[in-house]
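Novice: Below are the chains, spelled out letter by letter.
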Amino acid sequence: MYRDGEKIMAKQKLMGLNGDEAVAYATKQVNPDVVAAYPITPQTIIVERFSEYVADGEVDTEFVAVESEHSAMSCSVGASAAGARAFTATAANGLALMWEIVYIASSLRLPIVMALANRALSGPINIHNDHSDGMGARDSGWIQIYCENAQEVYDASIQAWRIAEHLKIQLPIMVCLDGFTLSHTMENVETLPDEAVQDFVGERPFIEVEGHLGKGELRLNPDMPLTMGPLDLQDFYYEHKMHQVEALNDALEHIKEIDDEWADLSGRKYDYVEPYMMEDAEVALIGMGSMVGTIRHVVDELRSEGMKAGMIKLRLFRPFPTEHIKKALGNVPVLGVMEKCISFGAPASPLMEELMTAYYQDKEKPMMANFVVGLGGRDVSPDMIREAYTSLLKSKNTGKVEKLMTYIGVRGE
Amino acid sequence: MSKRAWQDLPKGAVSYKSSMDYKTGDWGVDAPKIDHSKCTKCMLCHFYCPEGAIHVRDDGYTEADLEYCKGCGICAKECPVKCIEMVRK
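Taken in sequence, the protein lines are chains A and B. Everything in the first sequence is counted per this note's numbering, starting at 1 for the first residue and increasing by one. Everything in the second sequence is counted per this note's numbering, starting at 414 for the first residue and increasing by one.
Calculated from the structure, these hints are not laboratory results. You may find that some hints are simply not true.
[Claimed, not checked] Below, simulated DSSO-like cross-link-like pairs (lysine-lysine); rule was C-alpha separation at most 27 Å, straight line:
1. A/Lys215 to B/Lys430
2. B/Lys483 to B/Lys416
3. B/Lys416 to A/Lys168
4. A/Lys241 to B/Lys454
5. B/Lys436 to A/Lys215
[As the list claims (entries may be wrong)] Each pair of labels, with its calculated beta carbon distance range:
6. A/Gly229 to B/His449: 39 to 45 Å
7. B/Gln420 to A/Gly214: 18 to 24 Å
8. A/Asn221 to B/Gly441: 31 to 37 Å
9. A/Gly214 to B/Gly441: 30 to 36 Å
10. B/Leu479 to A/Lys168: 41 to 47 Å
11. B/Gly441 to A/Pro225: 24 to 30 Å
12. A/Glu208 to B/Tyr435: 19 to 25 Å
13. A/Asn188 to B/Gln420: 25 to 31 Å
14. B/Lys502 to A/Pro124: 54 to 60 Å
Only a predicted model underlies this, so the values are computations on that prediction, with no experimental measurement involved. Backbone N, C-alpha and C fix where the C-beta goes; we use that ideal spot for every residue, glycine too.
Please construct the entire structure, taking both the sequences and the accompanying hints into account.
Specialist: Encoded structure:
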């Protein structure tokens, strides 16, 4: 924001919002053209609140009460292709029902913003938090940000538009918030004035593409017709996938510009990777989402007891910030990877596999152990995190990791 | 003509050519042969053709555009006077 030519920080208002309300409030301030969503626990509050904003005339948004998540994403694709700012929200099985369109949104380069209230995938049916839904979509070509608290949810829900629409990115984005732990927990959230949010998001920019009638913006426009989503066979599909590779690589470079701009406006600075007490750490944990707050608390306790513990919060999962993680980790000899997800039949859970891959070619690398926690909403308690650190310390002292995978908090060995 | 590298293709998998430039006539093995001596100019083949590859000429007779005809044979099947025969290209 500028006043008298001077760059100033926006004046903020403290509100009591749960994670879902933070998404809805931020989205109200952005005032997108189209919201197409179907309510599903624990995302429901987002849709409820937003439909109230629509009913009360607080937004200009066309709210489409679709009959399923498949339609929610299809509608978002259509709206975004027509040049609209399109928002949707879902969780777990809703995301699963969207599946085919999720991939289409990213391959058509449509900057849709979606809030994902992370919830365990059925079955058996469970409405509580883990990361099986978001992790399942890790190869879909979407950007994924995992939030730690309601403040981050609010901030990311505004930043998301600028990230998705950045001319070098042009990809859909998931703002991930842990179901119930964040979605239904009220916290203090600093909010910006509507005007500051509007200034920040501005108007949606478009990239120029070459259509069959010449050059034009990548949007459906009767004056400049384009073919979007054509049959794309052996001779072109592969090349188009390279565009997605490039876009996610570029995203890794450009998201930080938006983080910086947001910091100037709000005073809240985010990084892809946020280390805590890592300078002299001998054992470290890395994790995503709400559990990192608990991990930080345990690090403080362990430090006061003399253990050189550190931790890393991973905020950006897609694109995967390999170099940022390595820099944050430094020379820590042992790393534990905390995950609310199982990749059945795989050697380890997704984040562990990616970290292993990231480090495989390096001569100097930490020993790594994978800890699965919190499936189906099971509490990730300080004791469980302590258990992980104790195990890591043992590995550090013996020089080896006894078990690649440990399922913490499950009954039975 | 060599095909473009991925860096030179429009983003979003937008097609930079018209579908008119996509000659699908080589997909099929058969092509319709229309016997105008039996044809009643009903134009059903023109309407039924899923590819829009059968045109109506100024004289009212129909003609298949083999650059686009995929040889599906629907025209021959639907022709009420059976004046269309599918033949090997």
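Novice: Now tell me if each hint is right for this structure.
Specialist: For each hint, the structure was consulted:
no.	hint	result
1	A/Lys215 to B/Lys430	holds (12 Å)
2	B/Lys483 to B/Lys416	holds (23 Å)
3	B/Lys416 to A/Lys168	holds (24 Å)
4	A/Lys241 to B/Lys454	violated (48 Å)
5	B/Lys436 to A/Lys215	holds (23 Å)
6	A/Gly229 to B/His449: 39 to 45 Å	holds (40 Å)
7	B/Gln420 to A/Gly214: 18 to 24 Å	holds (20 Å)
8	A/Asn221 to B/Gly441: 31 to 37 Å	holds (35 Å)
9	A/Gly214 to B/Gly441: 30 to 36 Å	holds (32 Å)
10	B/Leu479 to A/Lys168: 41 to 47 Å	holds (45 Å)
11	B/Gly441 to A/Pro225: 24 to 30 Å	holds (28 Å)
12	A/Glu208 to B/Tyr435: 19 to 25 Å	holds (23 Å)
13	A/Asn188 to B/Gln420: 25 to 31 Å	violated (48 Å)
14	B/Lys502 to A/Pro124: 54 to 60 Å	holds (58 Å)
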